[in-house]
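> So the chains spell out like this:
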Amino acid sequence: MIKNVLTHVGGVENFGIISILLFFGVFAGALIYAACLKKPFLNQMSQLPLEDGTKKTEASHE
Amino acid sequence: MNLETFKYDNRIVRAFAIATIIWGIVGMSAGLLAAVQLFWPEANLNLQFVSFGRLRPLHTNAVIFAFVGNGMFMGIYYSLQRLCKARMFNDKLSWINFWGWNAIIVAAAVTLPLGLTTSKEYAELEWPIDIAIAIVWVVFTVNLMGTILRRREKHMYVAIWFFIATALTVAMLHIVNSLAVPASAFKSYPIYAGVQDALVQWWYGHNAVAFFLTTPYLGLMYYFLPKAAGRPVFSYRLSIIHFWALIFIYIWAGPHHLLFTALPDWAQSLGMVFSIMLIAPSWGGMLNGLLTLRGAWDKVREEPMLKFMVVALTAYGMATLEGPLLSIKSVNSLSHYTDWTVAHVHTGALGWNGFLTFSMLYWLFPRLYNTPLWSKKLANWHFWISLTGMMFYVIPMYWSGITQGLMWKQFTPEGFLKYANFLETVIQLIPMFVLRAVGGLLYILGTFLMAYNLWKTAKSGVFVPEVEAQAAPRNSGHDLHAEQDPWKHRWLEAKPITLTVLSLVAVAIGGLVEIVPMYLIKENVPTLSSVKPYTPLEVLGRDIYIREGCVGCHSQMIRPFRSETERYGEYSKAGEFVYDHPFLWGSKRTGPDLHRVGAKYPDAWHYNHMDDPRLTSPGSIMPRYSWLLEQKMDKKSLPARIAALRKVGVPYPAGYENSEALKDLEKQAETIVTNLKVGSVEAQPDKEIIAMIAYLQRLGTDIKAQAVAAPVNTSN
Numbered sequence: 001m002i003k004n005v006l007t008h009v010g011g012v013e014n015f016g017i018i019s020i021l022l023f024f025g026v027f028a029g030a031l032i033y034a035a036c037l038k039k040p041f042l043n044q045m046s047q048l049p050l051e052d053g054t055k056k057t058e059a060s061h062e
Numbered sequence: 063m064n065l066e067t068f069k070y071d072n073r074i075v076r077a078f079a080i081a082t083i084i085w086g087i088v089g090m091s092a093g094l095l096a097a098v099q100l101f102w103p104e105a106n107l108n109l110q111f112v113s114f115g116r117l118r119p120l121h122t123n124a125v126i127f128a129f130v131g132n133g134m135f136m137g138i139y140y141s142l143q144r145l146c147k148a149r150m151f152n153d154k155l156s157w158i159n160f161w162g163w164n165a166i167i168v169a170a171a172v173t174l175p176l177g178l179t180t181s182k183e184y185a186e187l188e189w190p191i192d193i194a195i196a197i198v199w200v201v202f203t204v205n206l207m208g209t210i211l212r213r214r215e216k217h218m219y220v221a222i223w224f225f226i227a228t229a230l231t232v233a234m235l236h237i238v239n240s241l242a243v244p245a246s247a248f249k250s251y252p253i254y255a256g257v258q259d260a261l262v263q264w265w266y267g268h269n270a271v272a273f274f275l276t277t278p279y280l281g282l283m284y285y286f287l288p289k290a291a292g293r294p295v296f297s298y299r300l301s302i303i304h305f306w307a308l309i310f311i312y313i314w315a316g317p318h319h320l321l322f323t324a325l326p327d328w329a330q331s332l333g334m335v336f337s338i339m340l341i342a343p344s345w346g347g348m349l350n351g352l353l354t355l356r357g358a359w360d361k362v363r364e365e366p367m368l369k370f371m372v373v374a375l376t377a378y379g380m381a382t383l384e385g386p387l388l389s390i391k392s393v394n395s396l397s398h399y400t401d402w403t404v405a406h407v408h409t410g411a412l413g414w415n416g417f418l419t420f421s422m423l424y425w426l427f428p429r430l431y432n433t434p435l436w437s438k439k440l441a442n443w444h445f446w447i448s449l450t451g452m453m454f455y456v457i458p459m460y461w462s463g464i465t466q467g468l469m470w471k472q473f474t475p476e477g478f479l480k481y482a483n484f485l486e487t488v489i490q491l492i493p494m495f496v497l498r499a500v501g502g503l504l505y506i507l508g509t510f511l512m513a514y515n516l517w518k519t520a521k522s523g524v525f526v527p528e529v530e531a532q533a534a535p536r537n538s539g540h541d542l543h544a545e546q547d548p549w550k551h552r553w554l555e556a557k558p559i560t561l562t563v564l565s566l567v568a569v570a571i572g573g574l575v576e577i578v579p580m581y582l583i584k585e586n587v588p589t590l591s592s593v594k595p596y597t598p599l600e601v602l603g604r605d606i607y608i609r610e611g612c613v614g615c616h617s618q619m620i621r622p623f624r625s626e627t628e629r630y631g632e633y634s635k636a637g638e639f640v641y642d643h644p645f646l647w648g649s650k651r652t653g654p655d656l657h658r659v660g661a662k663y664p665d666a667w668h669y670n671h672m673d674d675p676r677l678t679s680p681g682s683i684m685p686r687y688s689w690l691l692e693q694k695m696d697k698k699s700l701p702a703r704i705a706a707l708r709k710v711g712v713p714y715p716a717g718y719e720n721s722e723a724l725k726d727l728e729k730q731a732e733t734i735v736t737n738l739k740v741g742s743v744e745a746q747p748d749k750e751i752i753a754m755i756a757y758l759q760r761l762g763t764d765i766k767a768q769a770v771a772a773p774v775n776t777s778n
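Just so you know, the sequences run in chain order P and B. Just so it is clear: in the first sequence, position 55 is 55 by our numbering, and no numbers are missing. Offset between the second sequence (1-based) and our numbering: plus 62.
Some hints could be false.
Below, simulated BS3-like cross-link-like pairs (lysine-lysine); rule was C-alpha separation at most 25 Å, straight line [as the list claims (entries may be wrong)]:
1) P:K55 / B:K391
2) B:K594 / B:K698
3) B:K725 / B:K698
4) P:K38 / B:K216
5) B:K749 / B:K694
6) B:K739 / B:K662
7) P:K55 / B:K725
8) B:K518 / B:K391
9) B:K594 / B:K471
10) B:K518 / B:K594
11) B:K739 / B:K729
12) B:K729 / B:K766
13) B:K698 / B:K729
14) B:K216 / P:K39
15) B:K471 / P:K39
16) P:K38 / B:K557
17) B:K650 / B:K697
18) B:K739 / B:K749
None of these hints come from the bench; they were simulated from the model. Since the structure is predicted, the reported quantities are computational estimates derived from the model, not experimental observations.
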């Protein structure tokens, strides 16, 4: 029965490999993108939560 | 430098924070009551509105959408303004978001106990509420994107990426999974049937976990953890890879909820492989969070908020390692339908979502009220009590799940099922159910301590409705790192629309690859010639089965294992569900599978069993359904139900609902009444129990009508 379903879905045998290739494409893209970002920019980005433009930072109740 | 002065809106954050606490207590209490009913069925006071089947969706919806939902909005409304250096796009939209969302929750709290449910897990709310959810979600998305577009900060921090992905994907999932044809103001039938409905539902269900419980909270973790630790995230690069890999992979993993079912094998395998791959980004994110505390672990000792955050991240790591493992077919064959899944989701819900929410609340209240936390000691007590509660919850559930799974599969040396009576396996678990309830109680006690502590904090301070801030306008040239070459420049971080489109593509691919073939399958699920649409009486019975939430404890999907075919009968075939709108395969077997229960017992057995399950099955923990014996079935709605079912594709003849349907119903009801008399039961033909018996007796019997069920008309 499931075999019957399988044989009737066009090109289903390729779905797995297409999916994996797509993933590796996305993953490789993200890796390259991240790897190419420069240190000063990364530092600037990672500082964003710590600077919110308030006069006295709100993180004052520690 | 030209600085603009503006104000962050704290009022909306406070509103969501208070709603989070209140709904948290409500949702957890509903869970506790449901947990108690599993070892003490009378705890529902024989009231249909709080019987287990109706309470369970109330609990899950309250915790997911009310507690975590409000917590998510609270965190986003706080962090987004500060990350964008801008007030929310539109205050009115903020308040429509708040009141709309909470009105929806109230609607859920009223309709679910009334039994108005679609029965699809985490999507139980009926169509008018679904429409309201879509509208409020659009309001939230507009407010989110508007704020982002009007931001002063040039670059979008990774937390914002997670918020964008959340907004887009939840909208997509909700709309696709909720497509239905209404039969009345609060009853609808999904346009999908059987296998397709299952696939769409678990594509939604799994991604409700991914994009409602995970991505927004990851965004919040990336904001609040560095904020509390006073240091930037360990690796911003890793957070970018975390984001893309996670949103791309997550969407594919849904079919792991349907392993060994009648879903085609290729879809199952795809779901399994992508689930295993999920370990990598999930752990990348967890480690990125934990390593942010590098050199700041002393703060964890001092700051209760960080304690909660560390446990939340650890629970995230545990749940995201366990989830992929549970998706491996061989593990899943043991774990599926057992309490192991319940333990797994509670590691995520109590540990990850719960503790992260508590962490944010402890951080926010002192800032919203400009005063130190009223009692750190009490917060520490909360931490330890709730952590102990979590342990008391999950460990017995693991024990229970594995015990259940093993007992179901145990054969004697002679080759017979060792525990042929399902009830034996249930009774074995009752001590675990008691311990679980103790765990839940401790967790709620901790939450009460927090509520008290935060209330006292608010009392001791003065609310700060708005916080003044200053920032240079965007594109004012204040950016220190001007773009020099294409690879140095930050096109993605500075372009919200591009990022949004790319995120949408990333999340849509998985859905398309799995759902487009679903339409192909639709044309290819072999119709078994003996499988016929439900009779009118069975339609009413099935809708009562849905109303009572029977699917919360009983599956209708026999997997192709000897241990299951021996116990229940022939394994379930895809073609048997072509008229099932919605599918009722279930996800948990607190009671036995019911797919082949039809014709297994006499009608009178069902009557007595529904009246009081302990009459026929001593020791059973099923609630009584004595109201079914009293309440009259809703015959008036029958034509609308049949017409709606025809619209979604069930081949009832044209005009059947206006002429023959009622006669057929009454004829079948009389037959059941006669059968009941044989079993010494006097019943009237217009009671709900008659419809319920008709449905149960039909279950899984169609293929028995024909020895060899040959596929016909595969092109439909």
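> Each hint: holds or not?
Cross-check of the supplied hints:
A hinted pair counts as satisfied when its Cα atoms are at most 25 Å apart, and K55 (chain P) with K391 (chain B) does not qualify at roughly 56 Å. Distance restraint check for K594 (chain B) and K698 (chain B): the Cα-Cα separation of roughly 23 Å lies within the 25 Å cut-off, and the hinted pair is therefore satisfied. Straight-line distance between C-alpha atoms of K725 (chain B) and K698 (chain B) comes to about 13 Å, which keeps the hinted pair within the 25 Å bound. Taking the CA atoms of K38 (chain P) and K216 (chain B), the gap is near 17 Å; set against the 25 Å cutoff, the hint holds.
Between the alpha carbons of K749 (chain B) and K694 (chain B) the distance comes to roughly 4 Å, so the proposed pair stays at or under 25 Å and holds. For the hint pairing K739 (chain B) with K662 (chain B), the CA-to-CA distance comes to about 18 Å; that is within 25 Å, so the pair holds. Among the hinted pairs, K55 (chain P) with K725 (chain B) is inconsistent with the structure: their alpha-carbon atoms are about 77 Å apart, more than 25 Å. Among the hinted pairs, K518 (chain B) with K391 (chain B) is inconsistent with the structure: their alpha-carbon atoms are about 50 Å apart, more than 25 Å.
Restraint check: the Cα-Cα separation between K594 (chain B) and K471 (chain B) comes to about 32 Å, which exceeds 25 Å; the hinted pair is violated. Taking the CA atoms of K518 (chain B) and K594 (chain B), the gap is about 63 Å. The hint is violated against a cut of 25 Å. A threshold of 25 Å between alpha carbons decides the hint, and for K739 (chain B) with K729 (chain B) the separation of about 16 Å falls inside it, so the pair holds. With a C-alpha separation of about 23 Å, the suggested pair K729 (chain B) and K766 (chain B) falls inside the 25 Å cut-off, and the hint holds.
Restraint check for K698 (chain B) and K729 (chain B): the C-alpha separation of about 16 Å stays at or below 25 Å, so the hint holds. The hinted pair formed by K216 (chain B) and K39 (chain P) meets the criterion: a straight-line CA distance of about 17 Å does not exceed 25 Å. Between K471 (chain B) and K39 (chain P), the direct Cα distance comes to roughly 56 Å. Violation of the 25 Å bound is thereby established for this hinted pair. Proximity of K38 (chain P) to K557 (chain B) is assessed by CA-CA distance (about 18 Å); at most 25 Å being required, the pair is judged to hold.
Restraint check for K650 (chain B) and K697 (chain B): the C-alpha separation of about 31 Å exceeds 25 Å, so the hint is violated. Simply put, K739 (chain B) and K749 (chain B) have alpha-carbon atoms about 15 Å apart, close enough for the 25 Å limit, and the pair holds.
When each numbered hint is compared with the structure, violations occur for hints 1, 7, 8, 9, 10, 15 and 17.
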